[in-house]
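Go by the hints and put chain X onto chain Y.
Heads up: the protein sequence lines correspond to chains Y and X, in order. Residue numbers for the first sequence, in the numbering used here: 1 to 196. Residue numbers for the second sequence, in the numbering used here: 1001 to 1196.
If you are wondering where the hints come from, they were derived from the structure by calculation, not from laboratory data. Hints should not be assumed to be uniformly reliable.
Restricting the straight-line Cα-Cα distance to at most 20 Å, the calculated cross-link-like pairs of lysine to aspartate or glutamate (EDC-like) are [to be verified]: (1) Lys-1121/X with Asp-173/Y; (2) Lys-71/Y with Asp-39/Y; (3) Lys-1071/X with Glu-1129/X; (4) Lys-184/Y with Asp-1151/X; (5) Lys-1184/X with Glu-19/Y; (6) Lys-1059/X with Glu-1017/X; (7) Lys-71/Y with Asp-26/Y; (8) Lys-1071/X with Asp-1144/X; (9) Lys-121/Y with Asp-1173/X; (10) Lys-1184/X with Asp-1174/X; (11) Lys-121/Y with Asp-1174/X; (12) Lys-137/Y with Glu-147/Y; (13) Lys-137/Y with Asp-1173/X; (14) Lys-1049/X with Glu-1019/X; (15) Lys-71/Y with Glu-94/Y; (16) Lys-1137/X with Asp-34/Y; (17) Lys-1059/X with Asp-1086/X; (18) Lys-1071/X with Asp-1086/X; (19) Lys-1059/X with Asp-1039/X; (20) Lys-137/Y with Asp-118/Y; (21) Lys-184/Y with Asp-174/Y; (22) Lys-71/Y with Asp-86/Y; (23) Lys-1049/X with Asp-1026/X; (24) Lys-1184/X with Asp-174/Y; (25) Lys-184/Y with Asp-1156/X; (26) Lys-1071/X with Glu-1134/X; (27) Lys-1137/X with Asp-1174/X; (28) Lys-1121/X with Glu-187/Y; (29) Lys-71/Y with Glu-100/Y; (30) Lys-59/Y with Glu-100/Y.
For each label pair, taking beta carbons as the anchor points, the in silico distance ranges come out as [stated by the list, open to error]: (31) Glu-15/Y with Lys-1071/X: 50 to 56 Å; (32) Asp-1151/X with Gly-73/Y: 32 to 38 Å; (33) Leu-1175/X with Arg-68/Y: 53 to 59 Å.
Backbone N, C-alpha and C fix where the C-beta goes; we use that ideal spot for every residue, glycine too.
Number of protein chains: 2
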Amino acid sequence: MAETATARRSRITPEREAELYAAVLDLLREVGYDALTMDAVAARTKSSKATLYRQWGSKAELVVRAMRHSKPGNIADIDTGSLRGDFLALLAREDDCVMEQNSALMRALAMAVHSNPDLLKAFRELLIEPEIVEMRKVLQRAVDRGEIRPDNPAMDYVLHMVIGGFAARTFIDDLPPTQEFLRKYFEAVVFPALGV
Amino acid sequence: MAETATARRSRITPEREAELYAAVLDLLREVGYDALTMDAVAARTKSSKATLYRQWGSKAELVVRAMRHSKPGNIADIDTGSLRGDFLALLAREDDCVMEQNSALMRALAMAVHSNPDLLKAFRELLIEPEIVEMRKVLQRAVDRGEIRPDNPAMDYVLHMVIGGFAARTFIDDLPPTQEFLRKYFEAVVFPALGV
Chain Y
1 MAETATARRS RITPEREAEL YAAVLDLLRE VGYDALTMDA VAARTKSSKA TLYRQWGSKA
61 ELVVRAMRHS KPGNIADIDT GSLRGDFLAL LAREDDCVME QNSALMRALA MAVHSNPDLL
121 KAFRELLIEP EIVEMRKVLQ RAVDRGEIRP DNPAMDYVLH MVIGGFAART FIDDLPPTQE
181 FLRKYFEAVV FPALGV
Chain X
1001 MAETATARRS RITPEREAEL YAAVLDLLRE VGYDALTMDA VAARTKSSKA TLYRQWGSKA
1061 ELVVRAMRHS KPGNIADIDT GSLRGDFLAL LAREDDCVME QNSALMRALA MAVHSNPDLL
1121 KAFRELLIEP EIVEMRKVLQ RAVDRGEIRP DNPAMDYVLH MVIGGFAART FIDDLPPTQE
1181 FLRKYFEAVV FPALGV
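So that you can see chain Y by itself, here it is in the shape it has in the complex (with noise of 0.2 Å):
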């Protein structure tokens, strides 16, 4: 799906796609993905429809390929020399009113792909599997360096702990996530329980 998809994007020039991108994103926020139409999306870009389908095949690619598009570059790439200054370096990314939005389209795409197969299967593969695949590369460098045990069973769910520590945040606590809460939390609960 990747290559195809990369094959098809590569007729239009990357701040074209930028630009598209942008403007799924836009529209999502207002309307939200099961109102968002491919309709909407070639109005607001002044695109074909039928550009839109051939570049992208469908609007759960292409509404996922624009969040991946938005994520500040790769987990791996962070590298300090230690998991708990790569954790850090991972917050710091972003502000503390970017993530409240990325949160909030995480949040709008995670709900919505409850009825939505084709965009389960998207964002499956487009967005949550390479975060798994990036984070054991993070975790397996800590792993060489001697910080984690390769058998420390909580490695298989840093992701369901941070996904966790994002979602409750909002409807246990009513307060956005921020980048002092999530570092508490990290503290708290993702160092101690891989045992760093």
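Chain X alone, transformed into the frame defined by chain Y:
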């Protein structure tokens, strides 16, 4: 809010109340929160809308009370003599089938709260806050027994961890939460973070 509602509800029998709540949860599963109307509840339960509003005040309160009614008792009533025992007993209360149904309902409700301020208020007051209070009692007993250090910061995040395990299981792993998964997650994440 709780006292007023109890006073209001005392006019109907517990059997009738249970019947009404079951019908509300059935409707919620069938159509979701936004499409659920007081008219539909009235029709399904052969009540008048005026009665429903008199007894529950609002759709949000009716739905949240129905969810709360379906919960298997208070967390704090479980008292096995160890925190590990309490948490494992907590998991054992619901078999996988019931757990999947409840987590789907909880997820649907947790999504709907983001666009319904009344529902968010009822959800927090009737489902989340009592759970936080009950969880604190379970943790306080563990502190009193010397199982957890009184200054362990992970105590503030037990619900975040648990909800993370539940919610993330569905869309990270594309699998329903099960007793087996949650037991592993508790052993790998929750117990180590709490230092037990």
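How the hints compare with the structure:
In summary, the hint linking Lys-1121/X to Asp-173/Y is supported, as the alpha carbons are separated by about 12 Å, within the 20 Å threshold. About 25 Å separates the Cα atoms of Lys-71/Y and Asp-39/Y, which puts this hinted pair outside 20 Å; it is violated. Taking the CA atoms of Lys-1071/X and Glu-1129/X, the gap is near 14 Å; set against the 20 Å cutoff, the hint holds. For the hint pairing Lys-184/Y with Asp-1151/X, the CA-to-CA distance comes to about 14 Å; that is within 20 Å, so the pair holds.
Of the pairs offered as hints, the one joining Lys-1184/X and Glu-19/Y is violated, with about 44 Å between alpha carbons and a cut-off of 20 Å exceeded. With a CA separation close to 15 Å, the supplied pair Lys-1059/X and Glu-1017/X stays within the 20 Å bound. Taking the CA atoms of Lys-71/Y and Asp-26/Y, the gap is near 15 Å; set against the 20 Å cutoff, the hint holds. Between Lys-1071/X and Asp-1144/X the alpha-carbon distance is near 27 Å, which puts this suggested pair outside the 20 Å criterion.
At roughly 12 Å between alpha-carbon atoms, Lys-121/Y and Asp-1173/X fall within 20 Å of each other, so this suggested pair holds. Taking the CA atoms of Lys-1184/X and Asp-1174/X, the gap is about 17 Å. The hint holds against a cut of 20 Å. At roughly 10 Å between alpha-carbon atoms, Lys-121/Y and Asp-1174/X fall within 20 Å of each other, so this suggested pair holds. Between Lys-137/Y and Glu-147/Y the alpha-carbon distance is near 14 Å, which keeps this suggested pair within the 20 Å criterion.
A hinted pair counts as satisfied when its Cα atoms are at most 20 Å apart, and Lys-137/Y with Asp-1173/X qualifies at roughly 19 Å. Only pairs whose Cα atoms come within 20 Å are accepted, and Lys-1049/X paired with Glu-1019/X is accepted, the gap being roughly 16 Å. Between Lys-71/Y and Glu-94/Y the CA atoms are separated by roughly 9 Å; this keeps the pair inside 20 Å, and the hint holds. For the suggested pair Lys-1137/X and Asp-34/Y, the alpha carbons sit about 42 Å apart, so the restraint of at most 20 Å is broken.
Note on Lys-1059/X and Asp-1086/X: the hinted pairing is violated, with a Cα-Cα distance of about 34 Å set against a maximum of 20 Å. A distance of roughly 17 Å separates the Cα atoms of Lys-1071/X and Asp-1086/X; the hinted pair therefore holds under the 20 Å criterion. Taken as a hint, the Lys-1059/X and Asp-1039/X pair is honoured in the structure, with Cα atoms around 10 Å apart against an allowance of 20 Å. Annotation: proposed proximity of Lys-137/Y to Asp-118/Y is violated, straight-line Cα distance about 28 Å (limit 20 Å).
Straight-line distance between C-alpha atoms of Lys-184/Y and Asp-174/Y comes to about 17 Å, which keeps the hinted pair within the 20 Å bound. Under the criterion of a C-alpha separation no larger than 20 Å, the hint pairing Lys-71/Y with Asp-86/Y is consistent with the structure, at around 17 Å. The straight-line distance between the Cα atoms of Lys-1049/X and Asp-1026/X is roughly 18 Å, inside the 20 Å bound, and the hint therefore holds. Restraint check for Lys-1184/X and Asp-174/Y: the C-alpha separation of about 29 Å exceeds 20 Å, so the hint is violated.
Note on Lys-184/Y and Asp-1156/X: the hinted pairing holds, with a Cα-Cα distance of about 10 Å set against a maximum of 20 Å. For the hint pairing Lys-1071/X with Glu-1134/X, the CA-to-CA distance comes to about 13 Å; that is within 20 Å, so the pair holds. Among the hinted pairs, Lys-1137/X with Asp-1174/X is inconsistent with the structure: their alpha-carbon atoms are about 33 Å apart, more than 20 Å. A hinted pair counts as satisfied when its Cα atoms are at most 20 Å apart, and Lys-1121/X with Glu-187/Y does not qualify at roughly 30 Å.
A distance of roughly 13 Å separates the Cα atoms of Lys-71/Y and Glu-100/Y; the hinted pair therefore holds under the 20 Å criterion. As the CA atoms of Lys-59/Y and Glu-100/Y are separated by approximately 24 Å, the hinted pair breaks the 20 Å bound. Distance hint check: the CB atoms of Glu-15/Y and Lys-1071/X are about 53 Å apart, consistent with the given range 50 to 56 Å. Taking 32 to 38 Å as the suggested C-beta distance range, the pair Asp-1151/X and Gly-73/Y conforms, at roughly 36 Å.
Leu-1175/X and Arg-68/Y have their C-beta atoms about 23 Å apart, which leaves the hinted 53 to 59 Å range violated.
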